[in-house]
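Asks: What follows is the residue order along each chain.
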Amino acid sequence: MEGTMTKIEKNATSQLVLSTLHLIVFIVLTQFYSLHHAFLLSCPLFVFYAILPFIIMRKGKNQEILADERDNSINKKASTLGFASFWVTFSAVVTVILFKNGTSGMIPVFSLLYILFGGMVLIYTVRAVVTLILYRLG
Amino acid sequence: MKKLKIINTIRKQRFNCNEMTQEELAKAVGVTRQTIIALEANRYTPSLALALKMARIFKVSVEDIFQVV
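Chains as they are written, first to last, in this note's numbering: chain A, 1 to 138; chain B, 1 to 69.
Be aware that a few hints might be false.
Stated by the list, open to error - In silico contact screen, one side only, chain A against chain B (beta carbon under 8 Å); selected entries:
{"no.": "1", "residue": "Ser14"}
{"no.": "2", "residue": "Leu16"}
{"no.": "3", "residue": "Asp68"}
{"no.": "4", "residue": "Glu69"}
{"no.": "5", "residue": "Asp71"}
Claimed, not checked - DSS-like, lysine-lysine: derived pairs with alpha carbons at most 30 Å apart:
{"no.": "6", "chain 1": "A", "residue 1": "Lys59", "chain 2": "A", "residue 2": "Lys7"}
{"no.": "7", "chain 1": "B", "residue 1": "Lys2", "chain 2": "A", "residue 2": "Lys7"}
{"no.": "8", "chain 1": "B", "residue 1": "Lys27", "chain 2": "A", "residue 2": "Lys7"}
{"no.": "9", "chain 1": "B", "residue 1": "Lys3", "chain 2": "A", "residue 2": "Lys59"}
{"no.": "10", "chain 1": "B", "residue 1": "Lys59", "chain 2": "B", "residue 2": "Lys5"}
{"no.": "11", "chain 1": "B", "residue 1": "Lys5", "chain 2": "B", "residue 2": "Lys53"}
{"no.": "12", "chain 1": "B", "residue 1": "Lys2", "chain 2": "A", "residue 2": "Lys10"}
{"no.": "13", "chain 1": "A", "residue 1": "Lys100", "chain 2": "B", "residue 2": "Lys3"}
{"no.": "14", "chain 1": "A", "residue 1": "Lys59", "chain 2": "A", "residue 2": "Lys10"}
{"no.": "15", "chain 1": "A", "residue 1": "Lys7", "chain 2": "B", "residue 2": "Lys53"}
{"no.": "16", "chain 1": "A", "residue 1": "Lys10", "chain 2": "B", "residue 2": "Lys53"}
{"no.": "17", "chain 1": "B", "residue 1": "Lys12", "chain 2": "B", "residue 2": "Lys59"}
{"no.": "18", "chain 1": "A", "residue 1": "Lys77", "chain 2": "B", "residue 2": "Lys5"}
{"no.": "19", "chain 1": "B", "residue 1": "Lys59", "chain 2": "A", "residue 2": "Lys10"}
{"no.": "20", "chain 1": "A", "residue 1": "Lys76", "chain 2": "B", "residue 2": "Lys2"}
{"no.": "21", "chain 1": "B", "residue 1": "Lys2", "chain 2": "A", "residue 2": "Lys77"}
Stated by the list, open to error - In silico negatives: residues of chain A with every beta carbon more than 10 Å from chain B:
{"no.": "22", "residue": "Thr4"}
{"no.": "23", "residue": "Met5"}
{"no.": "24", "residue": "Thr6"}
{"no.": "25", "residue": "Ile56"}
{"no.": "26", "residue": "Ala92"}
{"no.": "27", "residue": "Leu113"}
{"no.": "28", "residue": "Leu137"}
It should be emphasised that the hints constitute simulated quantities derived from the structure, not laboratory data.
Since we're looking at a predicted model, the values are computed, not measured.
No residue lacks a Cβ here, since even glycine has one placed at the ideal position from N, Cα and C.
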């Protein structure tokens, strides 16, 4: 591979690893606990989504430039696609719920939490994958 | 409309400019070395500002570095 990874690439890789790990932890927990409890037990992992970028993006001794115009352009495209994937999924899920329950139907509050937290993982995963792909393409 | 392909002579210009390294060029124009690698491989088209900075570093015109194919 040419050169070393940029900070943005490292950040994307760590986010991808984290979201994959999160999904594995959640799936493993569902084998021992109910879906509801597995979800609650895996929630503390969300803290790492907030902390990781600060750890990865801190300035190194030699690398003064953290992100240039190419990095920012890739980051912008990846973020846009990440959020677009969330909205498409969210709209699809809401439409399915409305068709299933009707407009007067109710859904548990926890279903919304699942959608939102799942959406967070989806945004991070898509953004990380798109970032890594765009770095390979140019 | 067909997208224009822009090629460059950055590698050659670096060589002409006292065999400047990618790292030195990256520092001089304020980008990462990975961006210089992507530019030399024609995988990335720079902004006008970056192209002008490079022209100033190499002491040539922008057209000497970037050509539309």
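Asks: A separate judgement is required for each hint: does it hold in the structure or not?
Replies: Each hint, compared with the structure:
Interface hint status for Ser14(A): violated, as the beta-carbon distance to the closest one in chain B is roughly 17 Å, over 8 Å. Checking Leu16(A) against chain B by beta carbon gives a least distance of about 18 Å; that is not within 8 Å, so the hint is violated. The interface hint given for Asp68(A) holds, since its Cβ lies 4 Å from the closest Cβ of chain B, which is under the 8 Å cut-off. Interface restraint check: Glu69(A) against chain B, minimum CB-CB distance 5 Å, threshold 8 Å, status holds.
Checking Asp71(A) against chain B: minimum C-beta separation of about 7 Å stays under 8 Å; hint holds. Restraint check for Lys59(A) and Lys7(A): the C-alpha separation of about 9 Å stays at or below 30 Å, so the hint holds. At most 30 Å may separate the alpha-carbon atoms for a hinted pair to count; Lys2(B) and Lys7(A) exceed this at roughly 34 Å. A C-alpha spacing of about 16 Å is found between Lys27(B) and Lys7(A), which places the hinted pair at or below 30 Å, so the restraint holds.
Restraint check: the Cα-Cα separation between Lys3(B) and Lys59(A) comes to about 37 Å, which exceeds 30 Å; the hinted pair is violated. Between Lys59(B) and Lys5(B), the direct Cα distance comes to roughly 24 Å. Compliance with the 30 Å bound is thereby established for this hinted pair. Proximity of Lys5(B) to Lys53(B) is assessed by CA-CA distance (about 21 Å); at most 30 Å being required, the pair is judged to hold. For the hint pairing Lys2(B) with Lys10(A), the CA-to-CA distance comes to about 34 Å; that exceeds 30 Å, so the pair is violated.
Distance check on the hinted pair: Lys100(A) and Lys3(B) sit about 46 Å apart at the alpha-carbon level, beyond 30 Å; violated. Among the hinted pairs, Lys59(A) with Lys10(A) is consistent with the structure: their alpha-carbon atoms are about 13 Å apart, no more than 30 Å. Between the alpha carbons of Lys7(A) and Lys53(B) the distance comes to roughly 23 Å, so the proposed pair stays at or under 30 Å and holds. For the suggested pair Lys10(A) and Lys53(B), the alpha carbons sit about 27 Å apart, so the restraint of at most 30 Å is met.
At most 30 Å may separate the alpha-carbon atoms for a hinted pair to count; Lys12(B) and Lys59(B) meet this at roughly 13 Å. This hinted pair checks out: Lys77(A) and Lys5(B) have alpha carbons roughly 21 Å apart, not beyond 30 Å. A hinted pair counts as satisfied when its Cα atoms are at most 30 Å apart, and Lys59(B) with Lys10(A) does not qualify at roughly 35 Å. For the hint linking Lys76(A) to Lys2(B), the alpha-carbon distance of about 24 Å falls within 30 Å, and the restraint holds.
Pair hint Lys2(B) plus Lys77(A) holds up; C-alpha atoms about 22 Å apart against a cutoff of 30 Å. Here Thr4(A) does not stay apart from chain B, with its beta-carbon only about 8 Å from theirs, under the 10 Å limit. At roughly 8 Å, the least C-beta separation between Met5(A) and chain B is not larger than 10 Å, which violates its mark as non-interface. Listed as outside the interface, Thr6(A) is inconsistent with that label: its C-beta sits roughly 5 Å from the nearest C-beta of chain B, within the 10 Å cut-off.
Even its closest Cβ contact with chain B, about 15 Å, leaves Ile56(A) beyond 10 Å, as expected for a residue assigned away from the interface. With a least CB separation of 33 Å from chain B, Ala92(A) remains clear of the 10 Å interface cut-off, as annotated. In this structure Leu113(A) is separated from chain B by more than 10 Å, as the shortest Cβ-Cβ distance comes to about 39 Å. Under the 10 Å C-beta cut-off, the non-interface status given to Leu137(A) relative to chain B is violated; the minimum distance is some 7 Å.
Hint check: violations occur at hints 1, 2, 7, 9, 12, 13, 19, 22, 23, 24 and 28; the rest are consistent with the structure.
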